[in-house]
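K.L.:
Listed here are the chains, written in short residue letters.
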Amino acid sequence: MSYLELDGLAKSYGEIAAVHDFNLKVEKGEFVSLLGPSGCGKTTTLRIIAGFEKPDLGMVRLDGLDITAVPAHQRGMGMVFQAYALFPNMTAWGNVAFGLRVSKRDSDYIERRTHELLELVGLAAEGQKYPGELSGGQQQRVALARALAIEPKVLLLDEPLSALDAVVRVSLRQEIRRIQTQLGITTVYVTHDQEEALSISDRVVVMRQAEIEQIGTPIDIYTSPRTHFVATFIGTTTQFEGVLEDKVLGRVRCADIVLSVGTNAGMAVENGDPVIVFVRPEAIQIAQPGEQIEADNMLTATLQAVTLLGPVIRLSLTSGGLDLVADVNTNERSRFTRGETVLLHFPAEACRVMQNIPA
Amino acid sequence: MKQRSLVGPLSIILFLAYMFLPILATYVFSIAIRWDRSILPEGLTFDWYRTAFQDRWFLIVFKHSITISAASVLVSALLIVPTAYWVHLKLPRALPLLNLISTLPFAIPAVVLALGLIKLYGQGPLQLARTPAMLVLAYVIFTLPFMYRPIASSLEAIDIQRLTEAAQSLGASWPRTLVQVILPNILPGILSGGLLVFATIFGEFTLATLLVGARYKTFPMQLVYYTRRDGRIASAYSVISFTVAWATSLVILWVATWGTRRSAGPRTAQDLTRKQASVGGKV
Chain A
0 MSYLELDGLA KSYGEIAAVH DFNLKVEKGE FVSLLGPSGC GKTTTLRIIA GFEKPDLGMV
60 RLDGLDITAV PAHQRGMGMV FQAYALFPNM TAWGNVAFGL RVSKRDSDYI ERRTHELLEL
120 VGLAAEGQKY PGELSGGQQQ RVALARALAI EPKVLLLDEP LSALDAVVRV SLRQEIRRIQ
180 TQLGITTVYV THDQEEALSI SDRVVVMRQA EIEQIGTPID IYTSPRTHFV ATFIGTTTQF
240 EGVLEDKVLG RVRCADIVLS VGTNAGMAVE NGDPVIVFVR PEAIQIAQPG EQIEADNMLT
300 ATLQAVTLLG PVIRLSLTSG GLDLVADVNT NERSRFTRGE TVLLHFPAEA CRVMQNIPA
Chain B
0 MKQRSLVGPL SIILFLAYMF LPILATYVFS IAIRWDRSIL PEGLTFDWYR TAFQDRWFLI
60 VFKHSITISA ASVLVSALLI VPTAYWVHLK LPRALPLLNL ISTLPFAIPA VVLALGLIKL
120 YGQGPLQLAR TPAMLVLAYV IFTLPFMYRP IASSLEAIDI QRLTEAAQSL GASWPRTLVQ
180 VILPNILPGI LSGGLLVFAT IFGEFTLATL LVGARYKTFP MQLVYYTRRD GRIASAYSVI
240 SFTVAWATSL VILWVATWGT RRSAGPRTAQ DLTRKQASVG GKV
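Those protein sequence lines, which keep their order, are chains A and B. Position one of the first sequence corresponds to residue 0 (numbering that gives the first Met the number 0), numbered consecutively onward. Position one of the second sequence corresponds to residue 0 (numbering that gives the first Met the number 0), numbered consecutively onward.
Check each hint, because a few of them may be wrong.
Cut-off 30 Å, straight-line C-alpha distance, at most; resulting in silico cross-link-like pairs (DSSO-like, lysine-lysine) [what the hints assert, rightly or not]:
| hint | chain 1 | residue 1 | chain 2 | residue 2 |
| --- | --- | --- | --- | --- |
| 1 | B | Lys89 | A | Lys152 |
| 2 | A | Lys152 | A | Lys24 |
| 3 | B | Lys89 | A | Lys103 |
| 4 | A | Lys53 | B | Lys89 |
| 5 | A | Lys103 | A | Lys53 |
| 6 | A | Lys103 | A | Lys152 |
| 7 | A | Lys152 | A | Lys53 |
| 8 | A | Lys152 | A | Lys27 |
| 9 | A | Lys103 | A | Lys27 |
Calculated directly from the structure, the hints in this document are not laboratory data. If you're wondering where the values come from, they're calculated on a predicted model, not measured in any experiment.
Build out the structure end to end from the sequences listed, making use of the hints.
P.N.:
This is the structure in structure tokens:
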């Protein structure tokens, strides 16, 4: 039995299904992210866990107890919102102490605990400031401290970093993970930002159109996407459309080239099926001029554009009408000039084959 | 160019004269010995104020008006704050209806409202007709727009949905959320609504006369009584009534600026130190 269990959750607004047949088990101390584009049902799911929404069907179980009918204020779940939702009439200190006062803890404990939490989020000196006097990042830290003060059974975060600028976003997300690990608190985190989800979660639930597409560890989700949506939504990928020629040898024909895709066990396609082959940009390598290459797949391509992304540069290439994307180390940037012809190669294991179901 | 620049100041002077001359005249009349035979008053005196204050009815009607106004503000706030909160939070689709209802009193003449209420409550189990309680209830209806609008704007200015959910997730029940989280944040709206209602009711004559009349004399009734006897004493009453209304308006203005200062984001260093000084006792 898992700590938090969501069993067959469903919720519709009128004709529109927000969540459909949602099943998830979260272990104690685990950090799980719900990831998907806006309108995929991730926030609704979180709100059902929090008790702000009643599911039409299904059950929420916490530590073995059915809490589906328990009102939000009796669930003991800490919630952090995208728009902070700090109480404007209270100082940072007052906000953090609020939940403790509601639960009628003695004043010594409230004093100590509030201070402890403000210290944990690095705002011990800002306790007497009102939310309007704090930056967005500081406000969200206060909101985090406020949610944690009541020692919640589960910490729920609804796009907590979306309103912040890029630098604060990255540092705060690392801090959220640090605090979560330190406290060992079971956490459900909602985001539409794949980088965020992949970088801080133990497991990621990818959602689309009210349904779960895939549940897995971040590396699973990234390297072994199970659906076309997951493969394209997470990260960047090159797609080759073709026909499976030989399932045993792992051969896919794409126009006038044949790709060696390996023999992926459990590949749910048969010979003659239309398929898509996905290859991640970091798996594609560019040969040095004159280098002798032994690789499963080799293509000559024309370099169309070079984009600096920071640690890597992204090469946009075309080969016989196919568009490809490859990432190489930024140190190697001097090697590439636009318009030149290069030899690229990638191993069979880098290919992910899926049936091509026309939309 | 020169001609054009005269239009502005001239229109302002005209406007001010239109607004303030009658009031100024009332002030002067209330301290004039006589002002009906000459262009300028024939000497000044405070006798009419003395007469007004010495009238044995003065304190009674003043107290009655204050009581009725304050009671109406209280009933109105108790009725409207939870309703407006609940509708904004849970029934946003009912908002247009609530907005419509809250403007209806503008469309109903006081006489019609009074007659309707007398007809409705004159019989049956609730014998409220001609009691001050009924007057209070009528005033709550009559001043609904004044109370509802500022409260609704305050509710719209804060994210009550998120604030409510945040409070709930921290274990707070509905009543507690309303009192400790929502109320402090819409207080400027409640106060300015309350003061508008207070000032309106303090000078209201029609409903008071029709609904309770001489059984519970209010300040404006006494004022009207004096207009038939001595206009100078009536003027003194008017000036006192103005003063009450203006004092409340000043408080409204003060509350309104206080409200905007609080809800504004980061403010000046001066403000910060003031605020910090005022909360310095904590911890």
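K.L.:
Is the hinted pair A/Lys53 and B/Lys89 satisfied, with a Cα-Cα distance of at most 30 Å?
P.N.:
This hinted pair holds, its Cα atoms lying about 14 Å apart.
K.L.:
Holds or violated: A/Lys152 and A/Lys27, Cα atoms, limit 30 Å.
P.N.:
holds (9 Å)
K.L.:
Checking one constraint from the list: CA of B/Lys89 to CA of A/Lys152, max 30 Å. Satisfied?
P.N.:
holds (27 Å)
K.L.:
Does the structure keep A/Lys152 and A/Lys53 at a Cα separation of 30 Å or less?
P.N.:
This hinted pair holds, its Cα atoms lying about 19 Å apart.
K.L.:
Is the hinted pair A/Lys103 and A/Lys152 satisfied, with a Cα-Cα distance of at most 30 Å?
P.N.:
OK: A/Lys103 and A/Lys152 at ~18 Å, within 30 Å.
K.L.:
Holds or violated: are the alpha carbons of A/Lys103 and A/Lys53 at most 30 Å from each other?
P.N.:
Holds: A/Lys103 and A/Lys53 sit about 28 Å apart, inside 30 Å.
K.L.:
With a cut-off of 30 Å on the C-alpha distance, tell me whether A/Lys152 and A/Lys24 pass.
P.N.:
It holds: about 15 Å lies between the C-alpha atoms, which stays within 30 Å.
K.L.:
When you check the alpha-carbon spacing of B/Lys89 and A/Lys103, does it fall within 30 Å?
P.N.:
Holds - the C-alpha atoms of A/Lys103 and B/Lys89 are around 28 Å apart, at most 30 Å.
K.L.:
For the pair supplied as a hint, A/Lys103 and A/Lys27, is the alpha-carbon distance within the 30 Å limit?
P.N.:
holds (27 Å)
Taken one by one, the earlier hints all hold for this structure without exception.
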